[in-house]
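> Next come the chains, spelled out residue by residue.
4 protein chains.
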Amino acid sequence: MAFRKIINDPVYGFITINDPVIYRIISHAWFQRLRRINQMAMSYLVYPGAVHSRLHHALGAYHLMHNAIYELRNKGIEITNEEEQAAKIAILLHDIGHGPFSHALESMLVKDLEHETLSVMIMNELNQEMEGQLSMAINVFKNTYPKKFLHQLVSGQLDVDRMDYLTRDSFFSGVIEGMIGYDRIIKMLTVHEGELVVEEKGIYSIEEFLVSRRLMYWQVYQHKTVLSAEMTLIKILERAKWIYKKNPDSIDAGERLNKLLFKDIASPERIHIELFCELDDSDIINAIKSWKGHTDRVISTLCKALLNRKLLKLRLQSQPIQESEIKTKRENVSAQLDISMDDASYLVFNGEAENNLYDPNNESINILFKDGKVRDISQVDSPLIHQNLSGPVKKFYICFYQ
Amino acid sequence: MAFRKIINDPVYGFITINDPVIYRIISHAWFQRLRRINQMAMSYLVYPGAVHSRLHHALGAYHLMHNAIYELRNKGIEITNEEEQAAKIAILLHDIGHGPFSHALESMLVKDLEHETLSVMIMNELNQEMEGQLSMAINVFKNTYPKKFLHQLVSGQLDVDRMDYLTRDSFFSGVIEGMIGYDRIIKMLTVHEGELVVEEKGIYSIEEFLVSRRLMYWQVYQHKTVLSAEMTLIKILERAKWIYKKNPDSIDAGERLNKLLFKDIASPERIHIELFCELDDSDIINAIKSWKGHTDRVISTLCKALLNRKLLKLRLQSQPIQESEIKTKRENVSAQLDISMDDASYLVFNGEAENNLYDPNNESINILFKDGKVRDISQVDSPLIHQNLSGPVKKFYICFYQ
Amino acid sequence: MAFRKIINDPVYGFITINDPVIYRIISHAWFQRLRRINQMAMSYLVYPGAVHSRLHHALGAYHLMHNAIYELRNKGIEITNEEEQAAKIAILLHDIGHGPFSHALESMLVKDLEHETLSVMIMNELNQEMEGQLSMAINVFKNTYPKKFLHQLVSGQLDVDRMDYLTRDSFFSGVIEGMIGYDRIIKMLTVHEGELVVEEKGIYSIEEFLVSRRLMYWQVYQHKTVLSAEMTLIKILERAKWIYKKNPDSIDAGERLNKLLFKDIASPERIHIELFCELDDSDIINAIKSWKGHTDRVISTLCKALLNRKLLKLRLQSQPIQESEIKTKRENVSAQLDISMDDASYLVFNGEAENNLYDPNNESINILFKDGKVRDISQVDSPLIHQNLSGPVKKFYICFYQ
Amino acid sequence: MAFRKIINDPVYGFITINDPVIYRIISHAWFQRLRRINQMAMSYLVYPGAVHSRLHHALGAYHLMHNAIYELRNKGIEITNEEEQAAKIAILLHDIGHGPFSHALESMLVKDLEHETLSVMIMNELNQEMEGQLSMAINVFKNTYPKKFLHQLVSGQLDVDRMDYLTRDSFFSGVIEGMIGYDRIIKMLTVHEGELVVEEKGIYSIEEFLVSRRLMYWQVYQHKTVLSAEMTLIKILERAKWIYKKNPDSIDAGERLNKLLFKDIASPERIHIELFCELDDSDIINAIKSWKGHTDRVISTLCKALLNRKLLKLRLQSQPIQESEIKTKRENVSAQLDISMDDASYLVFNGEAENNLYDPNNESINILFKDGKVRDISQVDSPLIHQNLSGPVKKFYICFYQ
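Protein chains in written order, with my numbering: chain P, 1 to 402; chain Z, 1 to 402; chain G, 1 to 402; chain V, 1 to 402.
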């Protein structure tokens, strides 16, 4: 009997794995590690249901890739079995380079390396281990494979990654108005001159996709409380590094985190990938639980705020934060906790939140019109898909202890 | 034990009726008639699940009214029990004046009377029968009751009518991307100086509501096949009237429809309301089934098109239809079916489809900002709620037999 | 580009038609007629959402057939493209012989002919029209095709018909606890020695399927109010026939119904199939609307009861109804309405409601155990799949006007 | 404006907190800790969506308590505002005594103390801190409050705890056939002579509830892979204790776990509650991650099995496992890993899985019949609610490394 595993998924019903190579990848310890990384980082502090893992998202995106390939083939697009396998592997591993708390900590643990670069490094390792079975997948991922549309399904303005995370995140958070019509969008996809395009009648679904994404950005991903928690997490790690620099013996981040957090390991060598792949959310949580009793008042305050959900206040506004307000608030905290103004800057800080809904300079969404012509969606006569929508929207925030 | 009836609803779970006066209205033959009127007229020819009744929608809107009143009271807004009952009755009966196939046939059966006017006439009748128990409800419906927000909940840019029909129509049609966050919107409602307003943090939900509504308009309500079917229905009735005028004995619309369709009864007198309230979708379907064997080739062709879903083609475009195209197509049909050019105009015709997403001149959506000020949503700095969006969007269509 | 139509379905998302032969069948007037027949007859008087059509159910069962074939092929079961088409056509047309209000009126309109026999007659007609393209489908339907499992998918204890109607009926009625795990059951199906069997690990899903079915029977299909309405419908038609026999000129059932209801047409000839296929729910509703003003007090009373939902009371019990109670109640009605005792028997009557959950004598559910042996589920050591469960459960009812 | 917080929940839509006392409890660090305890322990290794927290379950059960109280009051049952608050607090805190991985580790960390006893201890602490505001809640929880039905809502055969966990667990795991009709069950609850009873017409829902629970037990909670993972977790901790006893310096469980795991702290004193409330899943995960590199081959093997999901095989059967099989398998492992037979007993072991679906000796489900009498559901004439169903069902398992 043919190889077949089925996995229950509350979002799509069932996910089927029917390729032993893919099952081997899923079974790999590095992929299983994604079970212990929360897809939505700190969002669960506002949306208690948002606790799904990055492994679950990867499986979901794999499922949508399966559907997309099925639909494209039905439309007469040629996709070989090897290409199908490659596209599926590429999407399964597209986030394998994520560390604990996903995007929230990206820059803290591995300097100057984006998670995509790390993903490629890890894929290369796996490829060696699996004797080249991932070579085509890596080409698809890096967009060096001739059939561009395969890469665009993995990473583009309308890839299965986005379709899954928007669907999954809105499902688990319970923000049902963020639900997109992923099923219809996939049915509207086709290939024109080697590029992924959307059939004209899918325009309303694309509009709705863009608006749902916008809603998810501001209502969920950049919700002020979520933002406060994620910035607090960063401040905790920054402070930990600061403490370590001052006195290495006075702080312990645990067996695994010690190496990555304090030793600034970033060169793309073999040993570090293994180290990196040992880490997950639990290392960070454990360190924070230990530091909440630390003698440094700044780090203990921040850790308690996060663990007990007594978070710093955060205010979003369309104008930049005034320096005077920051200064006053720091003075207050400095007095209140009896700490220096420098220390207070960990407890009162400002920044920018940005939502780049649709960037035509980057990857575009191409629409195939009934007249056979392809135009970018930004040229469609739609008030929703207006240049205002496309441009980045920036907000300013101040985050402060009180 | 207190009076209580519960009704299963796939959309909201359960709807509770706990007021004998309201139960008496629901039990009235005129309300029960709404079971036999399809909420979405001919949409089920494209979306086979879209077969829910107008009664179901009325109960759903009643349920949302219940929730809205509960939330407003929790926020300290005073609503007496009598006002609660009045608002609930007003929303239950807001569509009682609808005839067969709802909006599709509105102008055909009762000339110069909008369904809202008919609703009031029927409410007045019921009020007499129920010894004045509907008086306050009628005032709320007609906006002559002092607390304006009650009327705005029944009929406004953000009323429970719209919230229910968008939710219910997207649910039954299976167009899940049309789903709105009705629950969140209701929780964001409040009252400011007697008017219904939305709290600032509800803005994303309102945006999403407007976009979903737009999507439902073009993808469902004005879908070209739905439009073709509904225009065909109108043409059938026009042709039936035309045949009747030429030779009254040559056409029969059935016991009940004969009176309303051929006798042009429209004056607001007692007898006609009873007559009107006898009609439902089945009368129209029966007439069409009889006429499909009529000797008049025009009406038989149209009736077969509708019953057997061999519909006239319809093309939507942003430019007006050229007269020359209409003429050519009529000539073709005239030759093909051996009918006159006048007759051919029932089988080839053009028109406009319009979607007035948000009309600031009419009723507006007022947002209550955190600074305590109220502004219309059109003044919010949002690309989505842009003037382009607010203006009516018009499309032109040609519908033709081939 | 390959032929492809997609249909939105709130239950399964999308249903795809990718075979022009199947699309031709769906487009046939006789199939389109199923749009105008309510799948759940009078259940919508209790569950207002239960208004889905028999066409929708047929499409849903077709979709599950598609899934089942896909899964079986993945397990190495050979199914040719022609067999796939045949199985899909058979399931699409399995209920084509249903008349208005489905089961409720089965015996009233076409005497001595079960809807399955009518289905075959209609399929044969269609087969002639389509030049033999349905021959294999008819063999599958009649179980004369060698691969028995194809017939078992269409009609057996665990066929896609039941899986769809339980799923769809629970979805539209909002009785979510009736939901079955159709998706998992389909994944557990396989073929053993030419027969459809269920893999051992699917036992819990089968148990749940049987229990959900039981729940749907008593809570929905045989709900006392639904039963009252459906019996009233039958009594109306019986009374109409009685009136017609006494005085043919005194009653009119409308153009189409007149022929079938009063002329007792039942022989399986060409002309009658066409006649039969003209009928749908609207004919019955129209007759009832006309008869509610009839001078015969019995029929007018019954028609008003149904239309205005002032239904006869119905009581279910495990013991037979006492003759004395029936007599007393008839005397009361006879006096109240000034009608004869014979007439009163239309307004006070009794009967039996039966639920044959699982009949091992008929078709059985075979389980394929890990040891390679097949046993009927009734032999599984499960308290739920106990002989008590398998036997028919009978209840007695009295239905009476008051 | 009144106090009000709303929380998104994918299961129920929104959960509302409108009592500052309850909000204070939810905000307490001890309650927030439940965010870091997985409700379904290791089930997510089979059902990747099953990652919801114990905090989420507590909030969900609180929501159902709110609904139940609302329904009971509507039926005329008197419940004071103080009692409402007490019942809500009792259900919020009913699982506050759970440690990491919930039931899976219950006996490992705190000897001889069931989580309910710990819950009371923690409630008492909180009560002191909150100056007696929890006194009535504690009485309800301990069943020392006169209105028994309040306790039965918190803890009984049909309490809101079970209703929420069955609903929530089936939702997140995606096992939709485990879905119960919680909404209908709550509407069928009433109070008779101070005890919680179910109205007769709710019997089918209760049957379905019992069957769904059974399905969830065997298909999810006691799924062989889940069982294997949870037993492995226990074996890991047992082995860790064994290592510690032999040589305390050779093993480190981390700052917090060291104290509870190795020091056998169990006396109900203040200090230990604080210690206990510091623990969550991340401590266990961290210890396991460290031990996977331990020199003890047994513990490192078990830890790798769990982390990388290369789990021990597990076989369930209705007969006890033969001693000879256990011995043979241990010999194999002993040879394979070069360990003693004693050591092998951590890698090959047997046990029993039990599902006590409905224990009439314990708490019973009482049905209020229309004749006004109350009977236990076991006396209802239902094959489903048969004594077979009520008795415990025991299965035997062997779990082994290979």
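It is worth saying that the hints were derived from the structure and are not from the lab.
One or more of the hints may lead you astray.
Remember, identical chains collapse to one label, so a pair may be satisfied in a single copy or spanning two.
What the hints assert, rightly or not - Within a straight-line C-alpha distance of at most 25 Å, the following computed DSS-like cross-link-like pairs (lysine-lysine) qualify:
1) LYS241 to LYS147
2) LYS292 to LYS263
3) LYS373 to LYS147
4) LYS327 to LYS310
> Does each hint fit the structure? Answer for all of them.
Hints, one by one, checked against the model:
1. LYS241 to LYS147: neither (45 Å within a copy, 57 Å between copies)
2. LYS292 to LYS263: This pair counts as both: shortest intra-copy Cα distance 22 Å, inter-copy 23 Å.
3. LYS373 to LYS147: within (20 Å within a copy, 49 Å between copies)
4. LYS327 to LYS310: Only inside one copy: LYS327 and LYS310 sit 22 Å apart there, 54 Å across copies, limit 25 Å.
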